[in-house]
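One-letter residues, chain by chain:
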Amino acid sequence: MNAIAAIGAWSIATVRGVGDATRFFLAVLGQIPRALLRFGLVRDQVHFVGNYSVVIIGVSGLFVGFVLGLQGYYTLQRYGSEQALGLLVALSLVRELGPVVTALLFAGRAGTSLTAEIGLMKAGEQLSAMEMMAVNPIGRVIAPRFIAGVIAMPILAALFSAVGIIGGYIVGVQLIGVDEGAFWAQMQGGVDVWSDVGNGVIKSIVFGIAVTFVALRTGFEASPTPEGVSRATTRTVVTASLTVLALDFILTALMFSGS
Amino acid sequence: MKSKAIDIWVGLFVVVGAAALLFLALKAGNLASFSTQATYRVNARFDNIGGLKPRAPVKSAGVVVGRVVGIHFDDKTYNAVADIDLETQYKFPKDSSAKILTSGLLGEQYLGLEAGGDQTMLANNDRITNTQSAVVLENLISQFLFNKAADGNSKDKP
Numbered sequence: 001m002n003a004i005a006a007i008g009a010w011s012i013a014t015v016r017g018v019g020d021a022t023r024f025f026l027a028v029l030g031q032i033p034r035a036l037l038r039f040g041l042v043r044d045q046v047h048f049v050g051n052y053s054v055v056i057i058g059v060s061g062l063f064v065g066f067v068l069g070l071q072g073y074y075t076l077q078r079y080g081s082e083q084a085l086g087l088l089v090a091l092s093l094v095r096e097l098g099p100v101v102t103a104l105l106f107a108g109r110a111g112t113s114l115t116a117e118i119g120l121m122k123a124g125e126q127l128s129a130m131e132m133m134a135v136n137p138i139g140r141v142i143a144p145r146f147i148a149g150v151i152a153m154p155i156l157a158a159l160f161s162a163v164g165i166i167g168g169y170i171v172g173v174q175l176i177g178v179d180e181g182a183f184w185a186q187m188q189g190g191v192d193v194w195s196d197v198g199n200g201v202i203k204s205i206v207f208g209i210a211v212t213f214v215a216l217r218t219g220f221e222a223s224p225t226p227e228g229v230s231r232a233t234t235r236t237v238v239t240a241s242l243t244v245l246a247l248d249f250i251l252t253a254l255m256f257s258g259s
Numbered sequence: 001m002k003s004k005a006i007d008i009w010v011g012l013f014v015v016v017g018a019a020a021l022l023f024l025a026l027k028a029g030n031l032a033s034f035s036t037q038a039t040y041r042v043n044a045r046f047d048n049i050g051g052l053k054p055r056a057p058v059k060s061a062g063v064v065v066g067r068v069v070g071i072h073f074d075d076k077t078y079n080a081v082a083d084i085d086l087e088t089q090y091k092f093p094k095d096s097s098a099k100i101l102t103s104g105l106l107g108e109q110y111l112g113l114e115a116g117g118d119q120t121m122l123a124n125n126d127r128i129t130n131t132q133s134a135v136v137l138e139n140l141i142s143q144f145l146f147n148k149a150a151d152g153n154s155k156d157k158p
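Line by line, the protein sequences give chains A and B. One point on numbering: in the numbering used here, the residue at position 188 of the first sequence is 188, and numbering is uninterrupted. One point on numbering: in the numbering used here, the residue at position 65 of the second sequence is 65, and numbering is uninterrupted.
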């Protein structure tokens with residue numbers, strides 16, 4: 001009997017969690033127009049989640065590009081097609097690694113700080129104080145951060161891919177000595193602007209929505225204690241990363257299964 | 001003054017992002033090869049188009065002069081019909097011939113256009129009649145084997 005009760009409790013909790021998340025999402029969406037009117041708030045948050053993430057995204061992109069150049073060359077030269085190195089580096093970055101790795105880093109770099117900030121605001125009863133003053137905390141605190149995350153993520157992902165391709169160029173052409181013309185020509189021949197670059201941008205926007213939303217909601221729902229905030233921060237990284245990977249699989253299956 | 005500084009930093013961030021996207025589109029992608037030139041449409045029938053795909057380049061003497069826009073199957077003649085957009089600045093004689101070629105050993109397939117000697121030029125909705133199908137490796141191998149077998153027979157019975 002206990003087992004059945006446990007299943008029942010688990011089901012109710014799951015359905016309730018999904019419903020809660022949806023209502024929270026709709027509440028955030030409803031507050032977006034008002035948050036956009038006070039654009040100063042959004043700008044401050046773009047500065048916070050975007051500019052401060054540039055260094056880690058840029059350095060990671062460069063090194064991912066280096067490694068792709070080295071490993072790709074090692075595999076391709078076995079088949080005598082090291083000319084295709086540029087295509088390999090560009091396609092893997094633009095289609096998959098750019099959006100996904102950026103989203104994972106973004107969850108670690110920006111998501112955690114969003115969760116901790118909002119969790120602490122809640123612990124310090126700042127959110128309740130806002131409500132007392134008839135200020136909607138979702139409109140004042142959550143929505144600007146959400147917009148900022150959705151703006152910053154595609155920019156960071158594009159930066160990651162671009163820097164990664166330059167990294168692949170440095171290793172492939174400058175160090176190993178792949179022909180420069182073939183490197184760029186193969187890349188331009190194989191990378192389609194809409195179906196590859198465009199879909200990569202769509203992916204990064206979706207990941208931006210997912211990561212920022214998970215981070216904000218986890219912070220908003222955190223129990224208002226030091227322990228609760230620390231748990232919420234951990235949960236942000238785990239949930240956001242798993243969400244990104246699952247979404248990536250679905251999006252890849254939808255976008256690229258035809259070709 | 002501080003909010004001015006943040007404005008500048010956020011502005012820089014957005015500009016860097018736009019530059020990265022532009023780099024991906026122009027340097028890594030094929031946006032630069034999208035021609036905004038006016039084009040005219042011709043079509044060509046092939047017995048077998050092999051691995052030719054829509055958006056494959058059409059080259060003459062190695063220079064891209066147009067693109068394949070669509071490929072469909074004609075169930076009256078059982079041929080494949082490729083629709084081709086050629087740039088208006090390039091005129092080709094009516095008896096030009098189209099071949100399906102492969103760039104390199106393992107490269108992508110493209111359409112090669114060879115100019116003929118006719119006085120009248122191809123116009124919109126004309127058909128290139130002189131075509132050569134893609135080389136299918138299996139056919140080549142079976143041809144080779146048949147020839148070998150024929151050689152062997154002729155050697156046995158002189």
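Read the hints as simulated data drawn from the structure, not as lab findings. No residue lacks a Cβ here, since even glycine has one placed at the ideal position from N, Cα and C. Any given hint might turn out to be false.
Some chain A residues near chain B, calculated using beta-carbon distances under 7 angstroms [what the hints assert, rightly or not]:
{"hint": "1", "residue": "M1"}
{"hint": "2", "residue": "N2"}
{"hint": "3", "residue": "L41"}
{"hint": "4", "residue": "R43"}
{"hint": "5", "residue": "V55"}
{"hint": "6", "residue": "L91"}
{"hint": "7", "residue": "S92"}
{"hint": "8", "residue": "I155"}
{"hint": "9", "residue": "A162"}
{"hint": "10", "residue": "A182"}
{"hint": "11", "residue": "A185"}
{"hint": "12", "residue": "M187"}
{"hint": "13", "residue": "V193"}
{"hint": "14", "residue": "S195"}
{"hint": "15", "residue": "V197"}
{"hint": "16", "residue": "N199"}
Each hint tested on the structure:
Taken as an interface hint, M1 of chain A does not check out: its beta carbon lies about 58 angstroms from the nearest beta carbon of chain B, beyond 7 angstroms. Checking N2 of chain A against chain B: minimum C-beta separation of about 54 angstroms lies over 7 angstroms; hint violated. With 7 angstroms as the threshold, the beta carbon of L41 of chain A stays out of range of chain B, its nearest partner Cβ sitting at about 11 angstroms, so the hint is violated. A distance limit of 7 angstroms between C-beta atoms decides the matter here; for R43 of chain A the minimum to chain B is near 5 angstroms, and the interface restraint holds.
With its C-beta approaching chain B no nearer than about 12 angstroms, V55 of chain A sits outside the 7 angstroms limit, and its interface hint is violated. For the restraint placing L91 of chain A at the interface with chain B, the shortest Cβ-Cβ distance is roughly 9 angstroms, beyond the 7 angstroms limit, so the hint is violated. Against a cut-off of 7 angstroms between C-beta atoms, the interface hint on S92 of chain A is violated, since the closest Cβ of chain B lies about 12 angstroms away. At its closest, the beta carbon of I155 of chain A sits 3 angstroms from a beta carbon of chain B; the interface hint therefore holds under the 7 angstroms criterion.
Hint status for A162 of chain A relative to chain B: holds, with the closest Cβ pair at about 4 angstroms, below 7 angstroms. Taken as an interface hint, A182 of chain A does not check out: its beta carbon lies about 10 angstroms from the nearest beta carbon of chain B, beyond 7 angstroms. Proximity of A185 of chain A to chain B is violated relative to the hint, the smallest CB-CB distance being about 10 angstroms (cut-off 7 angstroms). A hinted interface residue such as M187 of chain A counts as satisfied when its beta carbon comes closer than 7 angstroms to some beta carbon of chain B; here the least separation is about 5 angstroms, so the hint holds.
Checking V193 of chain A against chain B by beta carbon gives a least distance of about 4 angstroms; that is within 7 angstroms, so the hint holds. The closest approach between the C-beta of S195 of chain A and any C-beta of chain B is roughly 10 angstroms, which is over the 7 angstroms cut-off, so the hint fails. A hinted interface residue such as V197 of chain A counts as satisfied when its beta carbon comes closer than 7 angstroms to some beta carbon of chain B; here the least separation is about 5 angstroms, so the hint holds. A cut of 7 angstroms between beta carbons decides the hint on N199 of chain A: the least distance to chain B is about 12 angstroms, and the hint is violated.
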